[in-house]
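Novice: Join these two chains into a complex; the hints should help.
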Amino acid sequence: MLGMFGVGKTSLVHRYVHGLFDDSYKSTVGVHILQKTVPLSAAGKVLNLVLWDLANIEKMSHAFENYFRGSAAAIVVFDVSRPASFEMQRIHLDDFLHINSNASIFFAANKVDLLENEKTMPAALVEIAQKYDAPLVLTSAKENQGVPGLFDLIAAKLGS
Amino acid sequence: MIDDRLLLQSITRQTRIGYLVFDTDFHIREKYFRFTRFFESGDKPEVNSDIRNCIPEIHGLEQVLFELQDQTARPFKIAQVNKVAANGQLRYFDLVFSSLKSPGADGQASYICIIDDISETASLQQILRQQRYEFELAKTNLAAKSEFFTDGLLGQSAAIEQVRGFLRKIAEHRPTVLIQGESGTGKSLIAKLIHNTSLGTKAPFVEINCAAIPSSLIESELFGYEKGAFTNAVTSKKGLLEEADGGTLFLDEIGELPISVQAKLLSFLENRSFRRLGCTEEKFVQLQLVAATNKNLQKAVRNQEFRQDLFYRIHVVSIDMPALRELGDDILLLANHFIRIFSFDFKKHARGLSKKARQKLLTYSWPGNVRELRNVIERAMIFCDSKTIEDHDLVLWPAAESPDTGHGFSLHIPDEGLRLEEVERELLTRALEKTNGNQSRAASLLGLSLDTFRYRIKKFDITF
Chain A
1 MLGMFGVGKT
11 SLVHRYVHGL
21 FDDSYKSTVG
31 VHILQKTVPL
41 SAAGKVLNLV
51 LWDLANIEKM
61 SHAFENYFRG
71 SAAAIVVFDV
81 SRPASFEMQR
91 IHLDDFLHIN
101 SNASIFFAAN
111 KVDLLENEKT
121 MPAALVEIAQ
131 KYDAPLVLTS
141 AKENQGVPGL
151 FDLIAAKLGS
Chain B
161 MIDDRLLLQS
171 ITRQTRIGYL
181 VFDTDFHIRE
191 KYFRFTRFFE
201 SGDKPEVNSD
211 IRNCIPEIHG
221 LEQVLFELQD
231 QTARPFKIAQ
241 VNKVAANGQL
251 RYFDLVFSSL
261 KSPGADGQAS
271 YICIIDDISE
281 TASLQQILRQ
291 QRYEFELAKT
301 NLAAKSEFFT
311 DGLLGQSAAI
321 EQVRGFLRKI
331 AEHRPTVLIQ
341 GESGTGKSLI
351 AKLIHNTSLG
361 TKAPFVEINC
371 AAIPSSLIES
381 ELFGYEKGAF
391 TNAVTSKKGL
401 LEEADGGTLF
411 LDEIGELPIS
421 VQAKLLSFLE
431 NRSFRRLGCT
441 EEKFVQLQLV
451 AATNKNLQKA
461 VRNQEFRQDL
471 FYRIHVVSID
481 MPALRELGDD
491 ILLLANHFIR
501 IFSFDFKKHA
511 RGLSKKARQK
521 LLTYSWPGNV
531 RELRNVIERA
541 MIFCDSKTIE
551 DHDLVLWPAA
561 ESPDTGHGFS
571 LHIPDEGLRL
581 EEVERELLTR
591 ALEKTNGNQS
601 RAASLLGLSL
611 DTFRYRIKKF
621 DITF
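Sequence order for the protein chains is A and B.
Mapping to our numbering: the first sequence position 35 is 35, numbers consecutive.
Remember, our numbering sits 160 above the position in the second sequence when you count from 1.
Possibly wrong hints are sitting among the right ones.
Quick list of in silico lysine-lysine cross-link-like pairs, DSS-like style, CA-CA up to 30 Å [as the list claims (entries may be wrong)]: (1) Lys26/A with Lys547/B; (2) Lys204/B with Lys26/A; (3) Lys299/B with Lys26/A; (4) Lys443/B with Lys459/B; (5) Lys594/B with Lys619/B; (6) Lys204/B with Lys45/A; (7) Lys397/B with Lys443/B; (8) Lys191/B with Lys36/A; (9) Lys59/A with Lys299/B.
Sample of chain B residues facing chain A (criterion: CB under 8 Å; computed from the structure) [to be verified]: (10) Leu221; (11) Phe236; (12) Ala239; (13) Tyr293; (14) Lys619.
Chain A is faced by these chain B residues, among others (derived, beta-carbon under 7 Å) [unchecked claim]: (15) His219; (16) Gln240; (17) Gln285; (18) Gln290; (19) Gln291.
Honestly, the hints are just simulated from the structure, not real lab data.
These numbers come from a predicted model, not from an experiment.
A virtual CB, placed ideally from N, CA and C, is assigned to each residue, including glycine.
Bound conformation, chain B alone (with noise of 0.2 Å):
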């Protein structure tokens, strides 16, 4: 008959297991292990001391091995008990404790408990935990964030709470909206709550910028077409209309819309129908139009650079946006709701502004509006290590201290100094911010050329 000892020994020079033989007491009677990864930061276990003082994990679990003198009871384990080695590395190691059928060679009942390094396994499960766990955590922190967009519209200053009525009482009729405001008021928000107010999340959002399009494609994107219908058009494709049928389709900047197409747009809205380009067949969609400008129409028209008849049929109903200079204490509201998404995103601990930062705020002019207030509160956060932002954390441009008439440019240089590069970089943001985007605009509204346009933006990591 083999040994039993002589079997595991055998067994465990031919593996990475290693084991250790204890009593009633607790108290090592024997040791084999080939590997010290498992006791390299704790205790090494010497004959007759206690085991508890190797293998803490024991503690507390003494009744549980008592229960094993039952020769019916079946192994315990206690599974990927983690180790950090000296070097720092996390390993793992499956503890299995089973009681000797042979006592030792006092008479006394013994157990053994075998150790087991399964680091590499362990690892791999790790990984694919935190995976999923990540994702889960991502998902709630999102519907966290989305618990502060419940209502839509931040605010509750009397211009505000203007615009919510408007949103009310369009809601059931559906009719063709224009919004107007400045660069950065919030009106793609509206557009969407327009939508969802009316017609909910599921029915078509379909929102198309007509600055950003050349000229030459915005008819082909919003009227689709026929295979064949001009040189590249190798298969048929359905236009935005068509896309948001059923829905709603927002043009943003509708003052940017080419002449052509604006006739072709009026078409449609007087009959609720159109043609794909190369087609003859009419379509009919419902949708409701909603439309967004920064520019004065009006003028535009006068400049006949809109047409009037146009104008008309997207003015039925027109909501014009409150640039937020204009909402007082609103701003502090909309910048505490910024902080706790950045908070969120940047795992920082900021809950709130300063006396000084909250004056600071409410005396700024806000050119940019809320897109501007978001990017200054996102800056400040990113900076700011503290729970309070403090005013020197606020970061305004300086040359729009005044409101931008729009008939020149000041630059006010503040007392503690500017850095160069800041300024060059706010100027490269607004520019494109200025022309939603386009290159070739913001670079001609600062007298660069298009590829030292580029480069700067480049240089300065700029995305917009």
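Isolated chain A, as found in the complex (with noise of 0.2 Å):
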């Protein structure tokens, strides 16, 4: 999970894992890690997520690219209401590509409960998803809207 403070990162790991939303921010610091056993086929197979809640970069360093290396995946959460922070969150995405470009990105717009409709959606997150070619998924951790979803496609998407 890579993304700014604030925007929402541990709330979607825990209302993914544990159902739970917490309306109270509490900073992360260093790492949390969260599992979740998804179904992937009626024939019983799994696949075991592994989330790596990692606290805001504020300056990368070594610990940071071997938590990147050992990715499969990385969703990258952005506040859909502070678009000022938009281009933090690229910067961090591309350090994480340069270290890991097998996997998979995935974009969560989080907070969408403050929007007033999905038209007012930032156009510059839309178009930080085409750049990368990576799929958009809104979510908001507070309403359990897209977060089920989200995960689900990179189930998908890894246990294929």
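Specialist: Now the structure itself:
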């Protein structure tokens, strides 16, 4: 999980794994690993998703490089109400792709509950998703909107 | 030569670290940990079990660990691993991985994972980071909010367009301006817009509410005083006119200005000079005067409460602020604007108004104007948990169903009834609004003693 502070990375993971949402903001330091077993087929095939909820990257380090190397996918989380942070997230993504160009990329446009409607989605976000040719999923951890869909999409991609 | 393991066990006994030894197949070969918090919420490490069951952080890092077998490789650290203990408490650990120089008994290479409980220092770091990030988020939210105010004046009605036209015309010439309108129509906002449009935000904008300052003090506040000018003048003090030099002086509720001060203000407007109290020296300042009132000043002139010459002097350009009830669909525009603001403030997800709610807002008389609309939306946002504000979320003051004409007081009890306490609270608030926060006058309006009034506003936690 990549993204600036306060975009809702931890909220998305907690919503998905535990089905919970906490309105209060608590910044993450370090890394929090959560796991979820996802059924892939009726035949009983499952995928063990190990989700790395990373703190906001203030400075790239060797440790982050190793985390990036070991990832099969990256979810870049944006807060749709903070367009000013989009560019910084794009830089983090470029850092990630520089180290691991094989990983699948997914964009989560989080906090869509703060938008009046989907038409008011910042155009810059759509452009970023198009540029990286990656899916953009509208999510709201608060209202559990798009959260199962996002992780199901990732599971389907990784399990295929 | 000291055995590595004996040394390690000796160290761990005296510190808060623990360790696990595992082979290249990730099977645990040896374990030693003095604390169990790390594993409280997950699988406990057992010899021969896969270490990844109890330390899932290793998933995906297998290649990194293999590379540790290179004797020149530096130990690999996963810093500040978050673990939620069984009691729900969040704890932090550092995991440091290294290859062991001496292979196990079976000759297989092995690794060691040292686990260090760093909860105390990491918790402090979390607190500091939290403060910094919250500050940054608050700044971002504020910036987002200010975007709503870029135009400064919301509305598309003809009345608002006319006000905009006035603002554009006067920006260049900076004349003395009188803003008239009912309470809550946004006179202060217009004064600031006049200032910002012609001078920008860096020049001083000095505001004084003439009704909020005791008449005995207002002269010294405006014109300043010299040391010894009166009993308590222990030092000299600049007046607001001097503070506003190069900018704008906004006199709100100018109709409440004492007659004696009116004469001195008129003199200043004529000559652009004045004297501080207790001083003979003339001071010259350059400022734009903007005055506002909800009083009928012509009537005040007739009643000899306001000087006619001052009235004509400040009436160079007059802007009449329309009442909210005259703005038609702008009411909904403003309501949606406040909904967005309070969505940020209260972290709510209401995004609009139902059809019935819109109708209710459009047919109400809004005696308190925009200020009342803001309060109504604020209250609705506090109690509304859905995406749409319904008509029942909008609590309008029953007595104000008919505009207050100033000739009496009517009270309408709706079919669904009302709470007496709410009416009392509303009356107290409205009295304060009507008197711009002057508690003595508000108490007088309601026929209460000042003590009783204060007791009641304290009881209802009303602030103004």
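Novice: All the hints need checking, so say for each whether the structure fits it.
Specialist: Hints, one by one, checked against the model:
1. Simply put, Lys26/A and Lys547/B have alpha-carbon atoms about 25 Å apart, close enough for the 30 Å limit, and the pair holds.
2. A distance of roughly 28 Å separates the Cα atoms of Lys204/B and Lys26/A; the hinted pair therefore holds under the 30 Å criterion.
3. Taken as a hint, the Lys299/B and Lys26/A pair is honoured in the structure, with Cα atoms around 17 Å apart against an allowance of 30 Å.
4. Taking the CA atoms of Lys443/B and Lys459/B, the gap is near 33 Å; set against the 30 Å cutoff, the hint is violated.
5. A distance of roughly 20 Å separates the Cα atoms of Lys594/B and Lys619/B; the hinted pair therefore holds under the 30 Å criterion.
6. With a C-alpha separation of about 26 Å, the suggested pair Lys204/B and Lys45/A falls inside the 30 Å cut-off, and the hint holds.
7. Restraint check for Lys397/B and Lys443/B: the C-alpha separation of about 13 Å stays at or below 30 Å, so the hint holds.
8. A C-alpha spacing of about 27 Å is found between Lys191/B and Lys36/A, which places the hinted pair at or below 30 Å, so the restraint holds.
9. With a C-alpha separation of about 22 Å, the suggested pair Lys59/A and Lys299/B falls inside the 30 Å cut-off, and the hint holds.
10. With 8 Å as the threshold, the beta carbon of Leu221/B comes within range of chain A, its nearest partner Cβ sitting at about 5 Å, so the hint holds.
11. A hinted interface residue such as Phe236/B counts as satisfied when its beta carbon comes closer than 8 Å to some beta carbon of chain A; here the least separation is about 7 Å, so the hint holds.
12. Here the hint on Ala239/B is kept, as its CB sits about 6 Å from the closest CB of chain A, short of 8 Å.
13. For Tyr293/B, the suggested interface contact is upheld, since its CB lies about 4 Å from the closest CB of chain A, less than 8 Å.
14. About 31 Å separates the beta-carbon of Lys619/B from the nearest beta-carbon of chain A, more than 8 Å, and the hint is not met.
15. Interface hint status for His219/B: upheld, as the beta-carbon distance to the closest one in chain A is roughly 4 Å, under 7 Å.
16. A distance limit of 7 Å between C-beta atoms decides the matter here; for Gln240/B the minimum to chain A is near 2 Å, and the interface restraint holds.
17. For Gln285/B, the interface hint holds, the least distance from its beta-carbon to any beta-carbon of chain A being 5 Å, beneath 7 Å.
18. Annotation: interface hint on Gln290/B holds; nearest CB of chain A at approximately 5 Å, less than 7 Å.
19. Contact between Gln291/B and chain A, as hinted, is not supported at the beta carbon level, the nearest pair being about 9 Å apart and thus beyond 7 Å.
The structure is inconsistent with the numbered hints 4, 14 and 19, although it conforms to all the rest.
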